[in-house]
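Colleague: Each chain is listed here by its residues.
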Amino acid sequence: MTYLLLLLIIIAILLFVNAAMGVTLYKRKDRDAENELRKSELRLRAIIGNSVDGIILYNNKGTIFEWNNALEKITGYKREEVVGRDIFQVIKQLLIVNQEGGFIIEDIESDLINEVQKNNPSTFEMLIKDKYGNIKTIALYIISGKSDDEIIFGNIITDITEKKKEITESNSYLQYIIDSIKTTIITVDKDFNVTHENKSAAKFRYEQEETSAYLFSKYPKLSFIKEFFDKCGDSSHVFNDSRMVINELGETIYYAISVFPLKDDIRPGRVIMIDDITERIKMEEVMIQSEKMMSVAGLAAGMAHEINNPLGTIAQGCQNLIRRTSLSIPKNVESAKNLGIQPGSITKYFEDREIFEIISSIQQASQKASEIIKNMLQFSRRSESKKVLYSPEKLLNESLDLVYNDYDLKKDYDIRSIKIIKEIAPNVPDIKVTVTEIQQVIFNIIQNAVHALKDEKFITEDPVIILRLKYTISEITFEIEDNGPGIEEKHKNRIFEPFYSTKEVGKGTGLGLSVTFMIIKHNHNGNISVESSPGKGAKFIIKLPAYGF
Amino acid sequence: MKKNLLLVLDDDDNLRYNVRIYLEDEGYSCIGARDSETALKIVGKENIVLSIVDLRLPGMNGEEYIKRAVALNPQMKFIIHTGSTRYILPPELSRLGIKREDIFYKPVENLDLIVGRIKQHI
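Top line first, the protein sequences correspond to chains A and B. Read in order, the letters of the first sequence correspond to residues 1 to 549 in the numbering used here. Read in order, the letters of the second sequence correspond to residues 550 to 671 in the numbering used here.
Keep in mind the hints are simulated off the structure, nothing from the lab. Glycine is no exception: its CB is placed at the ideal position from the N, C-alpha and C atoms. Take the hints with a grain of salt, since some may be wrong.
[Unchecked claim] Cut-off 30 Å, straight-line C-alpha distance, at most; resulting in silico cross-link-like pairs (DSS-like, lysine-lysine): (1) A/Lys432 with B/Lys648; (2) B/Lys668 with A/Lys374; (3) A/Lys387 with B/Lys648; (4) B/Lys616 with A/Lys368; (5) B/Lys594 with A/Lys386; (6) A/Lys331 with B/Lys616; (7) A/Lys374 with B/Lys594; (8) A/Lys331 with B/Lys668; (9) B/Lys648 with B/Lys668; (10) A/Lys386 with B/Lys616.
[What the hints assert, rightly or not] Sample of chain B residues facing chain A (criterion: CB under 8 Å; computed from the structure): (11) Cys579; (12) Thr634; (13) Lys655; (14) Leu660.
[Unchecked claim] Chain A residues, not near chain B, derived (Cβ > 12 Å throughout): (15) Ala256; (16) His305; (17) Cys318; (18) Arg324; (19) Ile373.
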């Protein structure tokens, strides 16, 4: 019995110990789990705490329960200042409401939450003002997660102020680049609303700002490219063309226009590029002109030689005719005597029947023809005469003397009644020229000016000719300006062409200005141009390369 | 006294004729030739004191004629009467004593100018 009792006691003890051990075992397990949890929490805190990005966590009521160190740095607000507060309030306090957008913070947040619920969170960019008033750009990203039965939200916030600054800088650098380009660049979306433009685009709009973004409202002066888009159809094509436009000042301007598709997935559209190619077109015209004249010049040289022979016969034949009636040649007297003619009666007969006048008219005609040939040859000739250093002022004055002494100009045009103004820059350096050629050029242009000012069809009140002389380091410029009737656009491009004359038949050969052109351009490597519009006079500009630079 | 004999070398018949009769009216004897080859034959036979020479000719040109004529008759003088107004006296002709004043460009309105030069030569 005692044994039995002892056994029972032992069993009881064993059971107790066992039970006790079981409890202890259980308790240790519990503590281990708690440890694990603490560890995990610490790890999480370490991550949140050391994260470079700001992290806010809040419950579904919007109450903030986590605000990490990075956020303290970004916003200036400490954890204690925000934990327990409402997320919307805090963000509202930080956010600078964008003036343009005018959106309301709740909208953003609900947008954000919507995005989250759609499981399609995206990054939002916003401007905030920190506790100390510094303005920063942040990127905000929403996260959410479930804990037990509660949904937890969080925002991850990155300070992108520096990055943004870099982008803005590079953007404005790009803008500077496109602004520096002379070509007009405008981008439009598919509805022709302007999305981008450079500085040069300004010339296609009027003074007052147009608020509409529609291309042709914003840039009314671009209406000339409207037809383009009807033609070029869908925006996937590249399109090139050119247009001639007459601007408000009556000047003709040429534009080269290119339209490219703008390959942007989000905002597809077109890039419009417009180049002012007026100068280039003008230069090409001059080159064609010059080519044309060279070929005429070549032809003239060959022709002149052939024509000079018959002209010689005409001139000398006339001379012989007259001489053969003269009594001073013994053979004439002898021949008359043999034929029973009174020696003097032949001369009398010629006088009576005006045969000498007829001969004289033939002589004059042949002289004129020979003059034309000489002029023609002149513009086909490379200067053979020697160039010398000469004062441009002297050139101008001597040419003017030639004008004053010209018989026709004095007699028919009363040159003295035209006021001549000289505007001569001081100390104009000498240039290397063939003096007679340049004198001929200046004389010719002044002569044309006189003819224009004394044109009976356009009476010019107070006729004036202004002679200017200017210089830069690289060139000497002569300007001969009159206040006469000016030159019509259709003539302007052709006045340097040989045989092109607007003067009455018989008054001009149409060679003067082409000779002038050749002398300046080919013999002196210079440039001659004209500025004029009807009723506003004409200005001839001669540029000669300066010597010794 | 034997008359001074001149030669007019020009392929243009009308021109040659008019120059020739003018000079004859001035009292000179003149022979005309329409090409250098004919002219040289005349120079070989006659005592030509002066030639009035056109430059662009069929066959031998005027410059070549002058060089050969000088070889035949070193005393001979020359006047150049040319239709090409660009003509510049080449050095080899200068060396033969021909001067700028001896060049006349067609059309010569007054043949007295040529006569004046002839008188200076002979």
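Colleague: Can we keep the B/Cys579 interface hint, with Cβ of chain A closer than 8 Å?
Modeller: violated, 13 Å
Colleague: Take the C-alpha atoms of A/Lys374 and B/Lys594, compute the straight-line distance between them, and say whether it is at most 30 Å.
Modeller: Violated, because 39 Å separates the two Cα atoms, which is more than 30 Å.
Colleague: Does A/Lys387 pair with B/Lys648 here, judged by a C-alpha cut-off of 30 Å?
Modeller: holds, 23 Å
Colleague: Verify the interface restraint on B/Lys655: the C-beta must sit less than 8 Å from at least one C-beta of chain A.
Modeller: Constraint on B/Lys655 satisfied, holds at 4 Å.
Colleague: Within a Cα-Cα threshold of 30 Å, do B/Lys668 and A/Lys374 meet the stated pairing?
Modeller: holds, 28 Å
Colleague: Next pair to validate is A/Lys432 with B/Lys648; report whether the Cα-Cα distance is within 30 Å.
Modeller: holds, 28 Å
Colleague: In terms of Cβ atoms, is chain B entirely out of 12 Å range of A/Arg324?
Modeller: violated, 7 Å
Colleague: Tell me if B/Thr634 is really an interface residue toward chain A, meaning its C-beta lies closer than 8 Å to one of theirs.
Modeller: holds, 5 Å
Colleague: Keeping to a limit of 30 Å between CA atoms, is the pair of A/Lys331 and B/Lys668 held or broken?
Modeller: holds, 21 Å
Colleague: For the pair we were handed, B/Lys616 and A/Lys368, check the Cα-Cα distance against 30 Å.
Modeller: Status violated; Cα separation ~35 Å.
Colleague: Is the straight-line distance between the alpha-carbon of A/Lys386 and that of B/Lys616 30 Å or less?
Modeller: OK: A/Lys386 and B/Lys616 at ~29 Å, within 30 Å.
Colleague: A/Ala256 clear of chain B by more than 12 Å, beta carbon to beta carbon?
Modeller: With a cut-off of 12 Å, A/Ala256 remains clear of chain B, as the shortest Cβ separation is near 43 Å.
Taken one by one, the earlier hints fail for this structure at numbers 4, 5, 6, 7, 11, 16, 17, 18 and 19, listed in ascending order.
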